[in-house]
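Participant: Okay, here's what each chain looks like letter by letter:
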Amino acid sequence: MQSDTPDECAAFVANAERHHAAVHRVDPDPDAVASAIADLVAEPAVGVRLPGGLSLPDGVATDPTPADLDAAVTGVTAATLAVADYGSVVVCSDAAGTEAVSLFPDRHVAVVRAGDVVPGMREAMGVLGDRLRAGESAVIATGPSATADMGDLVVGAHGPREVEIVLVEGDRE
Amino acid sequence: MSKPSSRDERAARIRELLETEGDAVAANTRGFNRGRYESTADLDDYESLKAEARSIKEDAIERLPDLIDDLRERVEARGGTVYVADDAADANAYVREVVDGENVVKSKSMTTEELDLNDALEADGARVTETDLGEWVIQLADEEPSHIVAPGIHKSREAIADLFAERFDLAEDDRPETAEELTRFAREKLLTEIETADVGVTGANFLTADSGSLALVTSEGNARKTAVVPDTHVAVAGVEKVIPSVEDLAPFVELIGRSGTGQDITSYVSLFTPPTPSPPVRFGGPDEPIADPGTAGGVGAGEPHPERDFHLVLVDNGRLAMREDDDLRETLYCIRCSACSNSCGNFQSVGGHAFGGETYSGGIATGWEAGVEGLDTAAEFNDLCTGCSRCVPACPVGIDIPWINTVVRDRINRGDHGVGDERRDGDPGDGVAGEFDFLVDGLTPDEEPAGLDPAKRLFGNFETLARLGSATAPLSNRAADLGPVRAAMDRWLGVARERDLPKFERETLVDWFRDRGGPRVSESMARREAVVYPDVYTNHVAVDRGKAAVRTLEALGVRVTVPESAAVGSGRAPLSQGMVETARRKAERCRDALLPEIEAGRDVVVIEPSDLAAFEREYERLLPEADAERLADGSYEALEYVYGLLEHGADAGGLTAAETGRDGDGGETGEPVAYHAHCQQRTLELEAHTVAVLERLGYEVTTSETECCGMAGSFGYKSEYYELSMDVGEPLVEQFGDAERVLASGTSCCEQLDALLGDSIEHPIEAIAPEP
Ligand code: SF4
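As you go down the protein sequences, you meet chains A and B in turn. With positions in the first sequence counted from 1, the corresponding number in this note's numbering is that position plus 5. With positions in the second sequence counted from 1, the corresponding number in this note's numbering is that position plus 116.
Calculated from the structure, these hints are not laboratory results. By construction, the Cβ of each residue, glycine as well, lies at the ideal position given by its N, Cα and C atoms. Careful: at least some of the hints might be erroneous.
[As the list claims (entries may be wrong)] Some residues of chain A that are not near chain B, with every Cβ distance over 12 angstroms (derived): (1) Cys14; (2) Val18; (3) Asp36; (4) Ser40; (5) Asp44; (6) Leu45; (7) Ala47; (8) Pro49; (9) Asp63; (10) Gly64; (11) Ala72; (12) Glu128; (13) Glu174; (14) Gly175.
[Unchecked claim] For lysine to aspartate or glutamate, the following DMTMM-like pairs were computed, each having C-alpha atoms within a straight-line distance of at most 25 angstroms: (15) B:Lys305 with B:Asp216; (16) B:Lys305 with B:Asp240; (17) B:Lys305 with A:Asp75; (18) B:Lys305 with A:Glu167; (19) B:Lys619 with B:Asp875; (20) B:Lys305 with B:Asp403; (21) B:Lys305 with B:Asp285; (22) B:Lys619 with B:Glu882; (23) B:Lys305 with B:Glu218; (24) B:Lys305 with A:Asp157; (25) B:Lys305 with A:Glu48; (26) B:Lys305 with A:Asp111; (27) B:Lys619 with B:Glu645; (28) B:Lys305 with B:Asp347; (29) B:Lys305 with B:Asp290.
[Claimed, not checked] Taking beta-carbon pairs under 8 angstroms as the criterion, some of the chain B residues facing chain A (in silico): (30) Thr324; (31) Asp326; (32) Lys341; (33) Pro395; (34) Pro405.
Just need the whole structure built from these sequences, with the hints factored in.
Facilitator: Spelled out as structure tokens, the structure:
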């Protein structure tokens, strides 16, 4: 079900934007990816190492402490799946601390491969079924955190108020 | 005299809520409801997703004990604990032991509200902080949630600002005022609580038995922080939350936000397979990296974090008994989305503080409260469900919420439970009450227990009253209008004296039809044959619309009959009072009258939408399935029938078309009409037919955006609900206040619009019928 047809990616971009997340499409070149991330980072920034030969730009501190999390303005993590219909990214709750890094800072930069974009929720659950049965945890995140509890819609409640998605073109490695 | 005053007390309580909380609740719930329509319209496969969600729940509840076993196995295999608690005390005792008086942060959970968990933990000295912003506001204000999803919707922004200023002793200059400022303020305060918490308590929207995961649907991100920061996570959930597999989550994830607040999806759908691999975030030791440098992340890193402790408390508290209860079982399919609250006219006006029990609110609360708390609690607000059925198509798992309300009302009637039962504890020596007892008893050949509240009995037996009313008209009408009679009816029967009572016609529709010589279209010339069903209202009160229906169908070439034998009530009136056995008897009588007509090749044409809804929706619960099906298949709403005739080539030439006018540019315009379809008619998806017929005849139709007019059968006639009923209808005044001509399909809608607009409202069939 994995797919990176132009249609799917275009739908993903449009739906992410509809849910107030910006998508930046970049070539699958590690330097291009690092520089795209760098453009989106406001410091102090924390991050979790990216898989598949991609790297974080300078200025993104890995192995953050709780104090780093508190102070960080930006958190950079990988996303392991994306859902075109909703513009959602799926972020692991893993041992490296991806959940916390994607959650505490005001801005979340998520890096996802075009090959990991699936069309809809059904396909996403199809992929997540095996992963969860293998013991993994994840969050399907769509746009920034939000609340309407204070009398009006406010973006940025307990979680990030900005979501920037770096969509790395090309097939899965 | 205490009991009649409890009716007054209820009226006073509703009045107070309308004044203090009504505006905030109305703005929010109507906004959510609009959002639901918009967001679900974007789903191509909305209906099939709902059907799928329903069948997953049916299957899950059927197999619940096995699924619980599977879930337990999965969670325990990872080192977590599963505890099935029999009741609230049992659940609380378990959680208290885990928490042991330490600091707790919680994400929103109605199930922990049901348990009063916070009180139990605080009694041990624990500091408990709600982290959902709405829930925190309620906690600070020491109030109860007024909505199952957005617990603080009854509070305005100003009220929240005042609350923060007072609780945190803020100087005038430091007061957060805007929604943005209030949110920032709350976020900062709550972050401190989260960072110093020892235990995180969450609920769970779904639990997947095949993986041992819990799904949490939130938008703020507080549940994520609650689960990830402290090393101990306690999830508390009703046993009904278990579904078979992760893949089964798909339809629910697509439906839950759209159905509730109208969001396509909430910002976060957390899928935790606890104990999770995430390292706890120890703010107490801020200089240690949260994970060992070099720890692998991403796919394949699912080992539980060694320092994590996880407890799943599955709460029975009446649910397993509900599973065995044929009428309450459906309640367990509920995913707590709140659509039934937001789509409910009464809820939109008063909110969950009136329309709710100990914990739950809105239409489905009757099922929950009856199941987990008992009939007494359900009895306090069950009356507020009018059976309008607008929640039914809104419910993502297709629960027949009005039926649950009807059944519980019946149990309350029989179980001597209650608020509906005000007279019995009253002053037995009062002569006036006694006289009405006599009157009501004489009028009520029903199947109900002797102690039933006379008001319910009166409304439930409207058919008998109507017969008597017509037989003695106009005397009956004059007598009913006398001041002292109205005062006594108000006092003892709870019939609001502000309402005009129905005026009974001396000549019934059946009489008229017979006296004018029966059918006028010969059998040989007839395009079709039909029975116009002389429902109680059409036959005795709104006789003109019955005549209009006959003339219309005849003009379209239908051989019409209005047989005396068919002049039997559908059972709608007793049903609305929870008098299920009486309704069943009426349904049987109606079937006996109408099925032979259908078998003889005649169509049954129904003018009153609530009666058609009884045939189509409730009869399957009251009659053998095959009978109910044949009756439903052979019956048509009047304008639906006209629509079908016109579609099949009948000539509309004999009908009354709209007058044409000229617009500013000299073009032709149709006559404008405002049309309010009956709530149950809309649930049957029959609004469009009326609109299409009117448009075909040249009318420019504006349809109402209001779910229910507020009258809802007898509801608006009840003294204690009169003001609420008028408030529910208020949006119709806003929309239709300037309309020149207003049409409505339901009898009670016509009465209500009459009262609201001070105008005389016609049934659409009267608008299009040929002149007499
Ligand atoms: S009964 Fe249906 S509509 Fe009401 S809260 Fe439950 S799932 Fe939602």
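Participant: Would you mind marking each hint as holding or not holding in the structure?
Facilitator: Hint-by-hint comparison with the structure:
1. Cys14: The claim stands: A:Cys14 keeps its Cβ more than 12 angstroms from every Cβ of chain B (closest is about 19 angstroms).
2. Val18: 16 angstroms, holds
3. Asp36: Fine: 21 angstroms to the nearest Cβ keeps A:Asp36 off the interface.
4. Ser40: Since the minimum Cβ distance to chain B is about 22 angstroms, A:Ser40 lies beyond 12 angstroms and the statement holds.
5. Asp44: With a cut-off of 12 angstroms, A:Asp44 remains clear of chain B, as the shortest Cβ separation is near 23 angstroms.
6. Leu45: 19 angstroms, holds
7. Ala47: The claim stands: A:Ala47 keeps its Cβ more than 12 angstroms from every Cβ of chain B (closest is about 18 angstroms).
8. Pro49: It holds; A:Pro49 is separated from chain B by about 14 angstroms at its closest Cβ, greater than 12 angstroms.
9. Asp63: 17 angstroms, holds
10. Gly64: Holds: least Cβ distance 18 angstroms, greater than 12 angstroms.
11. Ala72: 4 angstroms, violated
12. Glu128: Per Cβ check, A:Glu128 is inside 12 angstroms of chain B; nearest 9 angstroms; violated.
13. Glu174: 20 angstroms, holds
14. Gly175: The assertion about A:Gly175 holds, with a minimum of 18 angstroms to chain B.
15. B:Lys305 with B:Asp216: Holds - the C-alpha atoms of B:Asp216 and B:Lys305 are around 24 angstroms apart, at most 25 angstroms.
16. B:Lys305 with B:Asp240: 23 angstroms, holds
17. B:Lys305 with A:Asp75: 14 angstroms, holds
18. B:Lys305 with A:Glu167: 21 angstroms, holds
19. B:Lys619 with B:Asp875: Roughly 16 angstroms separates the two Cα atoms, so the pair holds.
20. B:Lys305 with B:Asp403: Status holds; Cα separation ~22 angstroms.
21. B:Lys305 with B:Asp285: 14 angstroms, holds
22. B:Lys619 with B:Glu882: 18 angstroms, holds
23. B:Lys305 with B:Glu218: Given that 25 angstroms is the threshold and the Cα spacing comes to 18 angstroms, the pair holds.
24. B:Lys305 with A:Asp157: With a Cα-Cα distance of about 19 angstroms, the restraint between B:Lys305 and A:Asp157 holds, given a limit of 25 angstroms.
25. B:Lys305 with A:Glu48: Roughly 24 angstroms separates the two Cα atoms, so the pair holds.
26. B:Lys305 with A:Asp111: Holds - the C-alpha atoms of A:Asp111 and B:Lys305 are around 16 angstroms apart, at most 25 angstroms.
27. B:Lys619 with B:Glu645: Not satisfied, since the Cα-Cα distance of roughly 31 angstroms exceeds 25 angstroms.
28. B:Lys305 with B:Asp347: 21 angstroms, holds
29. B:Lys305 with B:Asp290: Roughly 14 angstroms between the alpha carbons, so the hint for B:Lys305 and B:Asp290 holds.
30. Thr324: Since chain A brings a Cβ to about 7 angstroms from B:Thr324, closer than 8 angstroms, the hint holds.
31. Asp326: 6 angstroms, holds
32. Lys341: The hint holds - B:Lys341 has a Cβ within 8 angstroms of chain A, the shortest such distance being about 6 angstroms.
33. Pro395: At about 5 angstroms, which falls below the 8 angstroms cut-off, the nearest Cβ of chain A leaves the hint on B:Pro395 intact, so it holds.
34. Pro405: 4 angstroms, holds
The earlier numbered hints that this structure contradicts are 11, 12 and 27.
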